[in-house]
Amino acid sequence: MHPDFELISRLRSGDERAFTVLVERYHEPMLALAASFVPNRAVAEEVVQDTWLAALRGLDAFEGRSTLKTWLFRILVNRARSTGSKEQRSIPVADPEPAVDPSRFGGDGGWADPPEHWIEAAERRMEAGKLAGQVRVWIDDLPARQREVVLLRDVEGMSSEDVCAVLALTEGNQRVLLHRGRSRLRQLLENELREVR
Amino acid sequence: MKLLRRRDLVCQQAVELVTDYLEDKLSPRARRRFEAHLAGCPHCTEYLAQMRETIRLAGRVEPEDLTPQARDEIVDLYRRWRSGQSGQE
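Respectively, the protein sequence lines represent chains A and B.
Per this note's numbering, the first sequence starts with residue 183, numbered consecutively.
Per this note's numbering, the second sequence starts with residue 1107, numbered consecutively.
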């Protein structure tokens, strides 16, 4: 049986607690994603509210072919896209963007300025609660399309298949955006933690 | 420094393959080539470990807490939707 069906039937039967669970789980992640498509937080809030309403109205049509989460996020992205995009969204996948600044490699393509160790430092700062907020800010500052993919894949832990469905991306483009977003984050971590040592 | 064979990857190429590698999207041949590069390159091995760590750290970013007011507002939507529904029945 579909793991979401119990929740769905509770929602249909008017179980407010079931709805609250859903809101607590997905409201903020949906806001974070919506913010990527619309000009400001207030509009993002509206889009997410609209999404909840649309989801409730569409509950009977939910067939369980995707998870409830993927279904919700798809509604959100469709609404957010039609509400208005805040930046030019069509070109970026085609633009080359190296994972690492080319000046860090020598003429033979080998590292001239190799990556510095920072993994242990990152773990310590994460444990101390001093890194998660910063990582969140960096993710929010990624170019919109990279941010969307990184949020869904790495923060939300969705599968690539679900992310492609939610964002209407080809698998290849999804991977390019993921690669660039993660590469940028890695560089930001290196910059940040190198200064600490 | 060992001599490069023409088929060998250089570091600048290897870092661009990291995501395809982690997503298991390299062909078996490309995968062997990538792993052969890693075996001889501590810097790229470190780089791959850092990309894995980057993913782990992103996974530990918690969504901001929903304020009780925001939650109540949305739950109120649900109540109104419910009452609208029962009105139709």
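Incorrect hints may appear among the rest.
Some chain B residues flagged as far from chain A (calculated, every beta-carbon gap over 12 Å) [unchecked claim]:
1. Ala1120
2. Lys1131
3. Pro1134
4. Ala1136
5. Arg1137
Only some residues are given here: those of chain B computed to face chain A with a beta carbon under 7 Å [said to hold, decoys possible]:
6. Cys1117
7. Leu1132
8. His1149
9. Leu1154
10. Thr1160
11. Ile1161
12. Glu1170
13. Thr1173
14. Pro1174
15. Gln1175
16. Asp1182
17. Leu1183
18. Arg1188
Keep in mind the hints are simulated off the structure, nothing from the lab.
For every residue, glycine included, the Cβ atom is placed at its ideal position computed from N, Cα and C.
How the hints compare with the structure:
1. For Ala1120(B), the non-interface assignment is contradicted: its Cβ lies about 9 Å from the closest Cβ of chain A, within the 12 Å cut-off.
2. With a cut of 12 Å on Cβ distances, Lys1131(B) falls inside the contact zone with chain A, its closest approach being about 7 Å.
3. Pro1134(B), annotated as away from the interface, keeps every beta carbon of chain A farther than 12 Å; the closest lies near 18 Å.
4. Listed as outside the interface, Ala1136(B) is consistent with that label: its C-beta sits roughly 14 Å from the nearest C-beta of chain A, beyond the 12 Å cut-off.
5. Consistency note on Arg1137(B): stated as away from chain A, and its beta-carbon is indeed over 12 Å from all of that chain's, at 15 Å minimum.
6. The beta carbon of Cys1117(B) is positioned within 7 Å of a beta carbon in chain A (closest approach about 5 Å), and the interface hint is therefore held.
7. With 7 Å as the threshold, the beta carbon of Leu1132(B) stays out of range of chain A, its nearest partner Cβ sitting at about 11 Å, so the hint is violated.
8. Because the smallest distance between the Cβ of His1149(B) and any Cβ of chain A comes to about 4 Å, under 7 Å, the interface hint for this residue holds.
9. A cut of 7 Å between beta carbons decides the hint on Leu1154(B): the least distance to chain A is about 10 Å, and the hint is violated.
10. Against a cut-off of 7 Å between C-beta atoms, the interface hint on Thr1160(B) holds, since the closest Cβ of chain A lies about 4 Å away.
11. Hint status for Ile1161(B): holds, given a least beta-carbon distance of 5 Å to chain A, under 7 Å.
12. Hint on Glu1170(B) holds. Least Cβ distance to chain A is approximately 5 Å, under the 7 Å limit.
13. Because the smallest distance between the Cβ of Thr1173(B) and any Cβ of chain A comes to about 10 Å, over 7 Å, the interface hint for this residue is violated.
14. Nearest Cβ of chain A to the Cβ of Pro1174(B): about 10 Å, over the 7 Å cut. The hint is violated.
15. Here the hint on Gln1175(B) is broken, as its CB sits about 12 Å from the closest CB of chain A, past 7 Å.
16. With a cut of 7 Å, the hint placing Asp1182(B) at the interface with chain A is violated, because the nearest CB-to-CB distance is about 10 Å.
17. Taking 7 Å as the C-beta contact cut-off toward chain A, the hint placing Leu1183(B) at the interface holds, the least distance being around 6 Å.
18. For the restraint placing Arg1188(B) at the interface with chain A, the shortest Cβ-Cβ distance is roughly 5 Å, inside the 7 Å limit, so the hint holds.
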